[in-house]
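> One line per chain: the protein sequences are F and D, in this order.
Start counting the first sequence at 1; every next residue gets the next number (the working numbering).
Start counting the second sequence at 1001; every next residue gets the next number (the working numbering).
Since the hints were made in silico from the structure, they are not lab data.
Virtual Cβ for every residue (Gly too), placed ideally from N, Cα, C.
Please note that the accuracy of each hint is not assured.
As the list claims (entries may be wrong) - Label-pair distances were calculated between CB atoms; the ranges are:
(1) F:GLU239 / D:PRO1215: 31 to 41 Å
(2) D:ASN1030 / F:THR86: 48 to 58 Å
(3) F:LYS9 / D:ALA1036: 18 to 28 Å
(4) F:VAL245 / D:GLU1224: 49 to 59 Å
(5) D:ASN1030 / F:GLU239: 52 to 62 Å
(6) F:GLU76 / D:ASP1128: 36 to 46 Å
(7) F:THR32 / D:ALA1227: 12 to 22 Å
(8) F:LYS9 / D:GLY1168: 43 to 53 Å
(9) F:GLU169 / D:GLY1168: 33 to 43 Å
To be verified - Okay, derived cross-link-like pairs now, DMTMM-like style, lysine to aspartate or glutamate, Cα gap no bigger than 20 Å in a straight line:
(10) D:LYS1198 / F:GLU469
(11) D:LYS1228 / F:GLU35
(12) D:LYS1198 / F:GLU366
(13) D:LYS1053 / D:GLU1150
(14) F:LYS56 / D:ASP1054
(15) D:LYS1198 / F:ASP49
(16) F:LYS96 / D:ASP1054
(17) D:LYS1226 / F:GLU38
(18) F:LYS56 / D:ASP1014
(19) D:LYS1228 / F:GLU38
(20) D:LYS1198 / F:ASP43
(21) D:LYS1220 / F:GLU35
(22) D:LYS1200 / F:ASP43
(23) D:LYS1228 / F:GLU111
(24) F:LYS56 / D:GLU1072
(25) D:LYS1226 / F:GLU35
(26) D:LYS1201 / F:ASP49
(27) D:LYS1198 / F:GLU111
(28) D:LYS1200 / F:ASP49
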Amino acid sequence: MANFYTDNKDLQFTLENLDLAEAVAIKEDNYTKAEKFESAPVDYADALDNFIRVAKVAGEIAGDKIDPRSRIVDEEGPHFENNKVTYHPLTKANLKDLAQADLSGITLPHEYGGLNFPCSVYIMMTEMVSRADGSLQNLFGLQDIAETICDFGNEEQRQQYLPKFASGEYDGSMDLTEPDFGSDLQSVRLRAWQDENGQWYLNGMKRFITNGCAQVHLVLARSEEGTSDGRGLSMFICEACPQLVVRRIENKLGIHGVATCELQYNDVPAQLCGKRRFGLIKYVMSLMNGARVAISAQAVGIAEAAYREAQKYAAEREQFKKSIDKFPAIYDMLSSMKVKLAASRALLYETTRAVDLRNAYNHIAETKENVTPEERAKQKYYNKVAAVLTPMCKALATESANQIAYDAIQIHGGTGYMKDFNVERYYRDARITNIYEGTTQLQVVAAIGGVIQRDNDERIKEFFALPFEGETAKLAAIVKEMYEKQLAAVKFISDKKNAEYHDLMARALVENETYIFVGLLLLRDSLKSAERLPIASRYILDGRFEFEKRYLRIMSDDTLLIENHRSIIDY
Amino acid sequence: MSQTVLVFVKQVPDTQNITGDAMTPAGTVNRAALPAIFNPEDLNALELALQLKDRYGVKVVVGTMGPPAAAEVLRSSLFRGADECILLTDRAFAGADTLATSYALSCCAKKVGKVDLILCGRQAIDGDTAQVGPQIAEKLHIPQIAYVEEVINLDSDKIRARRAIEGGYEILEAPLPCLLTVIEGNDPRPMAALKIMKYKKAKTPGEVAKNAASPEEAEKICAELKAKGLLIAEWSADYVDAAKDRIGLAGSPTKVKNIQNVILTASEAKSVEPTDEGINNLMHELIADHTLG
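With the rest of the complex left out, here is chain F (with noise of 0.2 Å):
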C-alpha cells in the first residue's frame, strides 16, 4: 500500500501552499463552468480539494501499480517486429490504470471530457509516475500534444482529437528532431506539399522520436519552398498510417519502457494546425517549453526514487558496528541529495505557477472582449517570467537528479553497480534528462537573456520584503549580498559587450541567479513551515561558496580560454 503522494511530505506542503487561485478562477471562468459541467469546481476551496483527491489517486496508482512493474518494464521494454511497435504488456497496463484514473487528459477543458487542472497538478502527478517508472513520463507527458492542439488548432481538429485523447484511447507524439537537426530546429528538412485540393502531404525523415508510433503526430514541416529558415516552417496534425512508417526503434541507456522511434513519411496526409509559418517560432516553441516543465518534473520524480533508495540503503547498512548514515562522509551527502530535490521541486513548482498564470492571461487577451491594460500588463509579466524560470528549472532539476542518482549509486557502494538493486536504472534513466527537450548548455542560451534583463527582480523584491526574523532574517541578508554581486556581474558582462565572453560565463550567470532565486523560495517556505529552515539554511549556506566561485570566475574578465583553447582542446 505506496502512496506516492501521502508519503511525500514536501510534495503535499507544495501543493496546500502553492497559492493557484488566481490561474484557477481564470480557467474556470470565475466558476461559471461549474454551471455546466458537474465536475467542475464551485470555488477555490472546492478545486484545491479536488486537486488534493486526485493527487492521492494518482499516488496511490504510481506506488502501488506502476513502481511495482518498473523493474520488468525496464529489463524488457517494447517489442520491435515488421515496423510495428509493441509496448510491454505491463506498460499498457500502466496506461490503462492512468487512463481508467481519468488522468489522460489533466488540464484539457472540461468540454473536451478533461480535468480542466491547472499545469501545476498536472505536473505534480508527473512527478509521482516518473518516481514510479521514469519511462512511462515519456508516455503520460504526450498529453502536451493534446493542449498544443487545444491551444493552436481549430474547433474541428479539438472535436477531432480532444475528447479521444482525454479518455486514453488516442496516444501522441511531437516529430521535430531529424537525423540531421537536433539542436538546430529551424533547418528542419522535412517536406510539406500540397495537392491541387489543397490537401496537405509531408514527406521526409524523423528521427529520435519519442512514442513515433502514436496514433497521433504533431509534426515540423517546412511548408514553404525555397525558405531555410525557421519563419518556412509550419505545424502538421497527421495519423498513424501506412505511408508513415517506423524504421527502427532506438536501443537506448535509459529510459527503456518507452519506444524511441525513426520514421520515414512517404507522402503522409496531414491538416495543417495553426497558421503557415508559425511552426517552430510559436507553436513548438509552446510545446517545447511545456515538454520542459515536464522533463523537470521527470528528473524530479527520479530523484526522488533515488533518494529516497540510498537513504533507506544508508539507514539499514552497518559497517564498523554502526549504520552507515551515522558517518559525516555518508550524512553529508545525503543531506546535500536532499537539499537539492527540495530546491528543484521549490523552483519546478515556482515555474510552473508562472506558467498557469501565463496561460491564464494568455487566455483572457485571446478570448476577452476590452482586455484592460491591467490584464495585458499581467499578460506581459508572466509570459516574461515564465519563459526565464522555465530553463532555470530544467537546467537545476535534470543536473540535480544526475549529481542525486549518481550519489544513490555512491551511497550504495559495489552493491549499487549491481542490477540487483534500483539506483543503477534511476542513474540511467536521469542520464537523458539533461539532453532531450535541449540540453542545459541550450537552456542556458535560454535563460540568460532574462537574467541579463533582470526578469526575476520583480519576484526577487517580493521575496526579499517578507518578514524574515532572526535566523532567516541571517541568512536573507547572506542572499542579498550574493543579489548585489550578481547585479554587479551582469552590468560587468553588459559593459564589456564582448559577445563570446558573455557567451562563455553565460552558465556561471545563469546558475548564480539560481542561487539567488532558490535561496529565496526556500527561506519563503520556511517562514511558512518552521521544519523546512534547515533546508533553506543548508541550501544558502552551501550555494554562497558555488556562487563565490563563479562570480570570481566572471568578474576575472580572463579571456585566455577564448584565445588558447584550440591548443587546448588539440594538443
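Given the coordinates of chain F, work out where chain D should sit on it, guided by the hints.
Just chain D, lined up with the frame of chain F:
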C-alpha cells in the same frame, strides 16, 4: 439487455495494518484505532460488477449495511463507476451476527426489486466467516457459486463463471438470479477523477440532516441533491420490511463464549540438523504439540 447487478460491500477496520492498540482491554476490536477501509474482497466483487457493466451494460447497484459513516464506501463505489447506492442503516441492525446480517441484506435485495445477479466478497477481514454471501442466497432461495474468479459469460437467463477449487478451478453455470461470492484475483480499477469531482458531493439524507440548520433546510438540500443524482438512498429496517426479531442483537443467536488474547512473541530459534534423525525428531515434536496430525 438491461440487467441489474447488486453488490453488497462492507466497511471494515483495517486489520491488515495492525497497531498495538488494535484491541480494547475487553478483547473486542478497537474500531477507533483502526482506519475504516473498503473490505478488500468486496472491492473485487465491485470490480467484477463493473467489468460486467463494461461488457454487457448492466446496472450496478451497491448496498451496504452499517453505521452512517459507512456511506464512505458507497461514495468510493460511485468514484469507481457504480450507478446507484443504498445505505442500510438503523440502530435496530446493531450487534448483528452473520445470520441477522444476511437476513437484513436479503430484505434489502428484495426491496431493490428485480435483481439478476448478487455479488459479495468471499469474506470480510474483520470476521473472516465467509458466511454472509451464502446465507443471503439461501434466504432468497437462489443458486450460488462461491469462490468466483471471473465471469465467463452472462446471458439474459444464465451465468457461467469460473471458481477456484483446491488444486485448480471449475466452470459452473447457474440460472439467474444467482449469487456469487468473489475472491481476490482481479485488479480493482482505480477511482476515476471525473467521478470523484462529481460524486464527492453525494450524501445520504442522514449526513445532510447532521449539517443542516433545520429539517426544512435538510429536505430542501436533499431534493437538490436528488435532482443532480447525488442523493444516496438510506433505508431503515422498517423500509425493507425486516422482522424486528430477526435483526440486530435480537436476531443473532451467536454468543461469545470466551475471548482468548493471543500475544504473539518471537521465541528463540531452534536449529534442526539436516539429517534423517533431525527431521524425524522435528516431526515428532510437531505431532506432539498438535501442529501436525
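> If you check each hint against the structure, which ones fail?
1, 10, 12 and 14
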